[in-house]
Amino acid sequence: MRRNAKATWMGMTLALGLSLGGCDSGNGSDVTDPGVPDAVDVADTVADVPADLPGDVPEEVRPDVPADVPADVPGDVPADVPADVPPPDAGPAEPSCFNGLCAADPMNAPSPLAFGPFPVGVRRYVFTDPNNPNPDGSPRVLKTEVWYPAVEASRGQPGYAYDIKADSTDAVREKYKDVDLGIYDTIAVWEAGVRVGERPWPLVLFSHGAFGIRYQTVFFTVVLASHGYVVMSADHQGNTLYEILMAGWDPATLVDSALRRPNDLLFLMDEMGRKVKDPADPFYARVDADNVASTGHSFGGLTSYVIAGDPRVKALVPMAPEASMVDALAPNWYAPTMHELSMPTVMMGGEMDHTLDYTTSQWNPWGEQLPPKWFLTVHRGGHYTFTDICRMNLAGVKDLWSDAGDAMEDGCDPVNNWSYVEAQKAINQYAISFLNRFMRGSEGSAQYMTVEAGAPYGDEITFTAVPE
Numbered sequence: 001m002r003r004n005a006k007a008t009w010m011g012m013t014l015a016l017g018l019s020l021g022g023c024d025s026g027n028g029s030d031v032t033d034p035g036v037p038d039a040v041d042v043a044d045t046v047a048d049v050p051a052d053l054p055g056d057v058p059e060e061v062r063p064d065v066p067a068d069v070p071a072d073v074p075g076d077v078p079a080d081v082p083a084d085v086p087p088p089d090a091g092p093a094e095p096s097c098f099n100g101l102c103a104a105d106p107m108n109a110p111s112p113l114a115f116g117p118f119p120v121g122v123r124r125y126v127f128t129d130p131n132n133p134n135p136d137g138s139p140r141v142l143k144t145e146v147w148y149p150a151v152e153a154s155r156g157q158p159g160y161a162y163d164i165k166a167d168s169t170d171a172v173r174e175k176y177k178d179v180d181l182g183i184y185d186t187i188a189v190w191e192a193g194v195r196v197g198e199r200p201w202p203l204v205l206f207s208h209g210a211f212g213i214r215y216q217t218v219f220f221t222v223v224l225a226s227h228g229y230v231v232m233s234a235d236h237q238g239n240t241l242y243e244i245l246m247a248g249w250d251p252a253t254l255v256d257s258a259l260r261r262p263n264d265l266l267f268l269m270d271e272m273g274r275k276v277k278d279p280a281d282p283f284y285a286r287v288d289a290d291n292v293a294s295t296g297h298s299f300g301g302l303t304s305y306v307i308a309g310d311p312r313v314k315a316l317v318p319m320a321p322e323a324s325m326v327d328a329l330a331p332n333w334y335a336p337t338m339h340e341l342s343m344p345t346v347m348m349g350g351e352m353d354h355t356l357d358y359t360t361s362q363w364n365p366w367g368e369q370l371p372p373k374w375f376l377t378v379h380r381g382g383h384y385t386f387t388d389i390c391r392m393n394l395a396g397v398k399d400l401w402s403d404a405g406d407a408m409e410d411g412c413d414p415v416n417n418w419s420y421v422e423a424q425k426a427i428n429q430y431a432i433s434f435l436n437r438f439m440r441g442s443e444g445s446a447q448y449m450t451v452e453a454g455a456p457y458g459d460e461i462t463f464t465a466v467p468e
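The working numbering numbers the first residue of the sequence shown as 1 and each following residue consecutively.
No lab work stands behind these hints: they were computed from the structure. Every residue, glycine too, gets a C-beta built ideally from N, C-alpha and C. Treat the hints with caution; some may be incorrect.
To be verified - Keeping only pairs whose Cα atoms sit at most 25 Å apart, straight-line, the calculated BS3-like set for lysine-lysine is:
# : residue 1 : residue 2
1 : K165      : K175
2 : K175      : K314
3 : K177      : K165
4 : K277      : K314
Unchecked claim - Now the in silico label distances, taken between C-beta atoms and shown as ranges:
#  : residue 1 : residue 2 : range
5  : G100      : D170      : 31 to 39 Å
6  : D290      : R173      : 34 to 42 Å
7  : V179      : G441      : 42 to 50 Å
8  : G193      : E468      : 15 to 23 Å
9  : D290      : A153      : 28 to 36 Å
10 : A166      : V451      : 38 to 46 Å
11 : P135      : E443      : 30 to 38 Å
12 : D185      : D290      : 19 to 27 Å
13 : K177      : S138      : 42 to 50 Å
14 : R173      : N99       : 24 to 32 Å
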């Protein structure tokens with residue numbers, strides 16, 4: 001299913017260059033769809049992981065056999081394994097209910113507005129993918145966050161905070177040494193034990209926007225993990241927040257990134273597939289790597305569509321995506337075009353988006369898609385309503401980073417935009433209930449996927465359902 005990024009097509013490249021290079025509706029920026037990283041080698045990437053993080057940050061390489069697995073343990077399960085061999089056993093499951101709130105399943109439909117019944121852990125990996133090389137030929141490096149249901153013993157422990165400056169590169173820290181970039185607090189416990197569920201957890205892939213960052217949407221990814229999902233999100237090398245903080249918006253890199261991002265997500269699925277088969281791995285037998293949902297923001301929303309042809313992917317949650325470019329890319333990853341796609345999808349968009357055009361990038365492409373499908377319109381939502389970039393110190397950095405001013409008017413405007421904090425409640429409600437229904441088999445969660453269920457938000461949203 002993976003494609004060689006060098007296999008470009010003239011028409012597609014031109015289309016991407018014109019669309020993604022000028023998709024800001026006139027303001028020239030797509031911030032949290034935020035930069036343009038220079039080529040980074042493995043050693044440099046590992047060095048950029050903050051030295052004061054608790055625990056060791058593992059580096060995982062992608063050979064046929066995981067680096068930390070004994071040589072006599074196969075990296076892949078042979079095709080001729082007898083059908084009667086029982087699946088791996090991770091041990092006894094911990095409870096799926098807490099204080100009367102039970103995880104979504106055929107018998108339970110928890111409120112998607114509430115934090116789920118599971119404590120959340122977070123781990124970080126630095127993967128390398130030599131089969132999806134960067135333009136200079138160096139192996140692709142994927143600094144990856146994984147949020148997951150954690151063991152009961154971690155409940156109530158201090159959560160990990162994302163310090164943007166500490167997580168960034170030496171160059172960013174030097175440029176912004178006198179400026180506070182901001183901190184994203186979470187309740188995810190660093191390197192907590194991975195919980196054993198009553199069944200393996202569904203896997204969700206999150207793809208950040210152009211010049212975004214892997215932790216740009218923790219309001220969603222962390223809460224989602226508390227409902228019984230393992231969520232993986234990688235920095236798409238060469239297209240992250242840290243590049244735009246240094247060099248500003250550079251559309252010249254977008255075509256190259258578009259051709260590598262889908263392989264990044266397919267690689268992450270493969271990696272989790274390896275981890276769940278390795279008895280020494282903390283995720284051993286705990287994740288269903290064949291039951292995957294793909295989600296992402298803006299450029300990442302486009303990426304989530306492009307891998308829809310992979311049989312492991314079962315549902316899509318594109319947020320403010322550049323969906324008008326799906327048809328140009330999808331067939332090259334054996335994925336359906338918009339008018340062919342019938343995978344369960346809930347798309348979201350803001351009518352006050354100044355980075356992409358709500359009508360041409362989201363509403364019209366969604367209209368071409370086949371059912372079952374749903375659409376959440378946030379009337380006073382901007383492009384960054386669907387991210388945590390509004391929690392950055394945008395006013396404090398705009399003198400050093402001119403693109404910050406665009407974000408302040410594109411979802412983070414306290415006067416003209418709906419409060420992003422309130423908007424994110426609606427986003428979580430519809431996204432989590434959708435995933436609970438289609439990934440965890442909770443038909444009862446359909447009650448939260450209705451127009452009536454959005455009544456508390458008044459005129460701020462419109463929810464459109466085309467289930468069949």
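A quick look at each hint next to the structure:
1. K165 <-> K175: The hint holds at about 10 Å.
2. K175 <-> K314: Cα-Cα ~43 Å, so violated.
3. K177 <-> K165: 9 Å, holds
4. K277 <-> K314: 21 Å, holds
5. G100 <-> D170: 31 to 39 Å: 49 Å, violated
6. D290 <-> R173: 34 to 42 Å: 41 Å, holds
7. V179 <-> G441: 42 to 50 Å: The hint (42 to 50 Å, Cβ to Cβ) holds, given that V179 and G441 are roughly 47 Å apart.
8. G193 <-> E468: 15 to 23 Å: 42 Å, violated
9. D290 <-> A153: 28 to 36 Å: 29 Å, holds
10. A166 <-> V451: 38 to 46 Å: 43 Å, holds
11. P135 <-> E443: 30 to 38 Å: 47 Å, violated
12. D185 <-> D290: 19 to 27 Å: 34 Å, violated
13. K177 <-> S138: 42 to 50 Å: Given range 42 to 50 Å: violated, Cβ gap about 28 Å.
14. R173 <-> N99: 24 to 32 Å: For N99 against R173, whose Cβ atoms are near 42 Å apart, the range 24 to 32 Å is violated.
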